[in-house]
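Engineer: Spelled out, the chains give:
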Amino acid sequence: MDTEIPELVAKLRRLDATGTPAAPPFDYQGMLERRAARNARTHRRQTLARGTAAALVVALIGASFWRLDNHGEMPSPGSDTASSAQVSAEPRIVRADTYLAVAELEDHIASIDDALNVARVYAPRGAEVARLEQTRAELVDSYARVRYAEMVSANF
Amino acid sequence: MQRLAEIEVPADELAAARAGDVQARGALFERVAPATLAIIRRLVRHGAMAEDLLQDTLIAMYEHLDDFRGEAPFGVWVRSIAVSRCLMAFRSPWNRARVAIDSWIEDPRAATESDGRTSDLIDVDRALARLSPVTRTVVWLYDVEGWSHEEIAQTFERTVSFSKSQLARGHARLRTELHAPRAMALNIPLGSEFDGH
Chain B
-7 MDTEIPELVA KLRRLDATGT PAAPPFDYQG MLERRAARNA RTHRRQTLAR
43 GTAAALVVAL IGASFWRLDN HGEMPSPGSD TASSAQVSAE PRIVRADTYL
93 AVAELEDHIA SIDDALNVAR VYAPRGAEVA RLEQTRAELV DSYARVRYAE
143 MVSANF
Chain V
0 MQRLAEIEVP ADELAAARAG DVQARGALFE RVAPATLAII RRLVRHGAMA
50 EDLLQDTLIA MYEHLDDFRG EAPFGVWVRS IAVSRCLMAF RSPWNRARVA
100 IDSWIEDPRA ATESDGRTSD LIDVDRALAR LSPVTRTVVW LYDVEGWSHE
150 EIAQTFERTV SFSKSQLARG HARLRTELHA PRAMALNIPL GSEFDGH
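In order, the protein sequences belong to chains B and V. Take the first sequence: its letter number 89 is residue 81 in the numbering used here, and every next letter is one higher. Take the second sequence: its letter number 118 is residue 117 in the numbering used here, and every next letter is one higher.
Keep in mind the hints are simulated off the structure, nothing from the lab. Predicted, not measured: the structure shown is a model, and the values here were computed from it. The beta carbon of each residue, even a glycine, is placed where N, CA and C say it ideally should be. None of the hints are false.
Some residues of chain B that are not near chain V, with every Cβ distance over 12 Å (derived):
1. D61
2. N62
3. V94
4. E130
5. D133
6. E142
Heads up, incomplete: computed chain V residues facing chain B, CB under 10 Å, no partners named:
7. L36
8. I38
9. D55
10. D65
11. S91
12. D142
Distance condition first, Cα-Cα at most 20 Å in a straight line; then the derived SDA-like pairs of lysine to any residue:
13. V:K163 to V:S83
14. V:K163 to V:G145
15. V:K163 to B:T(-5)
16. V:K163 to B:L0
17. V:K163 to B:V1
18. V:K163 to B:P(-2)
19. V:K163 to V:E144
Using the sequences and the accompanying hints, generate a full structural model.
Structural biologist: Written out as structure tokens, the structure reads:
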């Protein structure tokens, strides 16, 4: 069995040596265009994620205050059952689901972390690292806001 | 085709590329892109993903040209970027799911080309395609690219034992594949990624 490994290695090296040239499907200009298109897509996704997070924060805080106001109105002893039935029949926002926003933000933060790891290998104090750290800080800030809004909402 | 690790770049061309000269950057692309795509395809075995990784690798190369110290051939430096990018792709849950799904949909044998190679090399290529991406990368880096276990462990951010066990596993599975009957029923990649060790 031991003699098989050198044979296998030799075959792998022959496989490498006989490989056909791989022609890239784009040239230098094409690569820059592909990159620009991808950056635009990423920017749109980030904008959407931040917008969604901000809208959810506003909605959750609004819902929390709305519920707080409703709890503040103490029912008078003489209030009749008809009015209480009318109030209970009104629609209420109990909880807006933040799962998608949180998941998207976590994905973005993870991808930025990956990019940061690579950037730090090449240039620990470079402009790219600073830019990525700035982006990460903004995403973490959005993430913290959503989490805070969830906590506020849960406590009311 | 010249191997990526053997590619050298003249100092004047490199200096012009560093200065942002578009022609020099285009020439640099022509010089390294085919060999870079070849090694990425060898590790990733997925056409669209390989093209995305080629783009990522070359963009990173241009962005970090100033960091290249010239201590090794230029191609060796580009190869380390390409391998690093491939490993990042392997760690991505989205890419792992894509590879897993494609392994059921596509026949890995379709990705192998019978471009005048002898049948034993075609068999090796098919067997290699059936390894998991991580195991295949370790086998290729150690056996063909000549990396040491220490270098592989450092790149994977794992232990030397991880590299050795993946290599042993890869060899065992390649031997099994090469001795197995030709008509394999399933196309499931063998082994799993980052599965301990």
